Amino acid sequence: MSAVTARPRNRALSVVKLHLANPWATITFPWIVMLTIIALTVLVWMVVLANIPDASDQAKAREGFGYSGSSGFIFVYMIVVAVQSINTMFPFAQGYGVTRRNFAIGTAAYFVLLSAFYAAGLTILSIIEDATNGWGVGGSIFSVGYFGDTPAQRLFVFFAILVLFFFSGSAIAAIYLRWKAFGITTFFIALSFVLVGLAALITALRGWDDVGAWFAATGLVGSFAWSFVISLLAAVGGYAVLRRTTPKS
Amino acid sequence: MTAVVEVTGLTRRFGELKAVDDVTFNVEQNQIYGLLGRNGAGKTTLMQLLTGQQFATEGSIRVFGENPVENAPVLQNTCFIKESQKYPDDFQPRHVFKSAAWFFPNWDADFAAQLATEFRVPLTRKMKKLSRGQVSAVGVIVGLASRAPLTFFDEPYLGLDAVARQLFYDRLLEDFAEHPRSIILSTHLIDEVSNLLEHVLVIDEGRIIIDSPADDLRGSVTNVVGAASAVDAFVGTRDVLHRDGIGGLASVTVGALTPAEQADARSAGLELSPVSLQQLVIRMTTENETEKSA
Chain A
9 MSAVTARPRN
19 RALSVVKLHL
29 ANPWATITFP
39 WIVMLTIIAL
49 TVLVWMVVLA
59 NIPDASDQAK
69 AREGFGYSGS
79 SGFIFVYMIV
89 VAVQSINTMF
99 PFAQGYGVTR
109 RNFAIGTAAY
119 FVLLSAFYAA
129 GLTILSIIED
139 ATNGWGVGGS
149 IFSVGYFGDT
159 PAQRLFVFFA
169 ILVLFFFSGS
179 AIAAIYLRWK
189 AFGITTFFIA
199 LSFVLVGLAA
209 LITALRGWDD
219 VGAWFAATGL
229 VGSFAWSFVI
239 SLLAAVGGYA
249 VLRRTTPKS
Chain B
-4 MTAVVEVTGL
6 TRRFGELKAV
16 DDVTFNVEQN
26 QIYGLLGRNG
36 AGKTTLMQLL
46 TGQQFATEGS
56 IRVFGENPVE
66 NAPVLQNTCF
76 IKESQKYPDD
86 FQPRHVFKSA
96 AWFFPNWDAD
106 FAAQLATEFR
116 VPLTRKMKKL
126 SRGQVSAVGV
136 IVGLASRAPL
146 TFFDEPYLGL
156 DAVARQLFYD
166 RLLEDFAEHP
176 RSIILSTHLI
186 DEVSNLLEHV
196 LVIDEGRIII
206 DSPADDLRGS
216 VTNVVGAASA
226 VDAFVGTRDV
236 LHRDGIGGLA
246 SVTVGALTPA
256 EQADARSAGL
266 ELSPVSLQQL
276 VIRMTTENET
286 EKSA
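Each protein sequence line maps, in turn, to chains A and B.
Heads up: the first sequence begins at 9 in the numbering used here, then just goes up one per residue.
Heads up: the second sequence begins at -4 in the numbering used here, then just goes up one per residue.
Please note that a few of the clues may not be correct.
Covered stretches of chain B, going by a simulated chain A footprint (3 or more residues, C-beta under 8 Å) [as the list claims (entries may be wrong)]:
hint	region
1	183 to 194
2	229 to 243
No farther apart than 27 Å at their CA atoms in a straight line, the calculated lysine-lysine pairs in the BS3-like style are these [claimed, not checked]:
hint	chain 1	residue 1	chain 2	residue 2
3	A	188	B	124
4	B	81	A	68
5	B	93	A	188
6	A	188	B	81
7	A	68	A	25
8	A	256	B	13
9	B	81	A	25
10	B	123	A	25
11	A	68	B	93
12	A	25	B	124
13	A	68	B	121
14	A	68	B	123
15	B	121	A	188
16	B	13	A	25
17	A	188	B	13
Simulated restraints, written as ranges between beta carbons of each label pair [as the list claims (entries may be wrong)]:
hint	chain 1	residue 1	chain 2	residue 2	range
18	B	168	A	251	33 to 41 Å
19	B	100	A	51	22 to 30 Å
20	A	117	B	101	19 to 27 Å
These aren't lab readings, by the way, just hints derived from the structure by calculation.
This structure is a prediction, so every number in the text was calculated from the model and none was measured.
Backbone N, C-alpha and C fix where the C-beta goes; we use that ideal spot for every residue, glycine too.
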């Protein structure tokens, strides 16, 4: 009866390779954009400084260089990568006879791999930034306080943010794949109610000071460590949604 | 004979709609099956059920003896190329072929390369920039070169020109002869593929209404044409699949006729002609409507 020509293969590993089959959009292009952003930002800073003759005024300007949001590009872009890796890759992998389970395992591994890769890259850039005294102009793109004070802290924080963005982005993509726009709308309305409800509860209990105190006590690294709980929930939730999803044509 | 697919009492409901309605059939190993039917008849849903993409409401599916849902050993022996197969946005055909090798144990890269040349598929252009026919050709190439023991082609040739379609039929038959496997081909172009098919499944409104070897089907019905009175006299109480009439002339489709019956018909001045597979499917799937209008 059985004509299965079982040749053991790690299909989850093949899914990782599938995600990396064309590295242009996920590896090459983001770094080109990131490096371009760095170059343009530094150029703008140089132009600003060149037009401020007074040294004390220059110092004031440099204070403003301390909070560039340019690094945010990578994080936002990775949400797009996460959405695409579900939205187009899942229907494609189903045609290749990949089980949902193997797709989920391979995709999760790919997200963690990519998070580590980008966290390492961003940390290296922050080290360069420190070593060059802020790209020679005292600017901060990566060595910003909210990413941590040491390279090790930054590595951890970058990694935590990326993991969070990948898994929450993919969970939302899974909801879209299964229930389309109706699912997304319902999800965000429900999420808004939960968040507003939570805020109302904290306000009613006059708990905002406690919340602030908790974050202060937990510290930057500790707070970001808690984000793994949310990432894990998104990963498990996303898989639960995908388990009963049929790719539509 | 060995069945690679065994389906028993299978139903898939979407709310009120029964996309697949209490279906029972087998697919024998190493044969080419035609899955024919009108748009929305349930062809794609049925194939999605067989490949574990869709979930049964009732009934049982066995593919290679096992339930296909989330079953990696079973699914790695299947390949399902959909009519509107989606490809990752930045993929080029070369990425599709490269990655196929990681998923199909029998993938033949040389064969894929040869087919890409023959179908004139540009390997380094983005999938979303290809023409409709070129996208279909990529799907056809994956379906052929994967050599999956159970291969599904769901309307594989949207936008393919006549030359490319003929190329597909030729390569399919050649490769099938060297590497026999079970193939399920769903299509509207019934006449074009009728010589390819060894077995025909016709699905209409979710039900399998024909499950028969193609050869048996070809001789199974006959058109009887002649004066209306003579036709009616000959037909008598036979089951009539279809009836057309213009003035005093009538054309009636009936079941198989014995040689003696054929001789009777000819002596009554009636003309007999065979009915093509396509006409047969049309007759069978519009039966109810014509009876109403007749």
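We went through each hint and held it up to the structure:
1. 183 to 194: violated (count 0)
2. 229 to 243: n = 0 at 8 Å, threshold three: violated.
3. 188(A) - 124(B): holds (25 Å)
4. 81(B) - 68(A): violated (54 Å)
5. 93(B) - 188(A): Not OK: residue 93(B) and residue 188(A) at ~31 Å, beyond 27 Å, violated.
6. 188(A) - 81(B): holds (16 Å)
7. 68(A) - 25(A): violated (49 Å)
8. 256(A) - 13(B): holds (18 Å)
9. 81(B) - 25(A): holds (18 Å)
10. 123(B) - 25(A): Status holds; Cα separation ~21 Å.
11. 68(A) - 93(B): Roughly 55 Å between the alpha carbons, so the hint for residue 68(A) and residue 93(B) is violated.
12. 25(A) - 124(B): Between residue 25(A) and residue 124(B) the Cα gap is close to 24 Å, so the pair holds against 27 Å.
13. 68(A) - 121(B): Violated, at roughly 49 Å.
14. 68(A) - 123(B): violated (50 Å)
15. 121(B) - 188(A): holds (26 Å)
16. 13(B) - 25(A): violated (39 Å)
17. 188(A) - 13(B): holds (22 Å)
18. 168(B) - 251(A): 33 to 41 Å: Holds: the Cβ-Cβ distance is about 39 Å, inside 33 to 41 Å.
19. 100(B) - 51(A): 22 to 30 Å: Cβ of residue 100(B) to Cβ of residue 51(A): about 53 Å, so the range 22 to 30 Å is violated.
20. 117(A) - 101(B): 19 to 27 Å: For residue 101(B) against residue 117(A), whose Cβ atoms are near 26 Å apart, the range 19 to 27 Å holds.
In summary, the structure is inconsistent with hints 1, 2, 4, 5, 7, 11, 13, 14, 16, 19 from the numbered list given earlier, while agreeing with the others.
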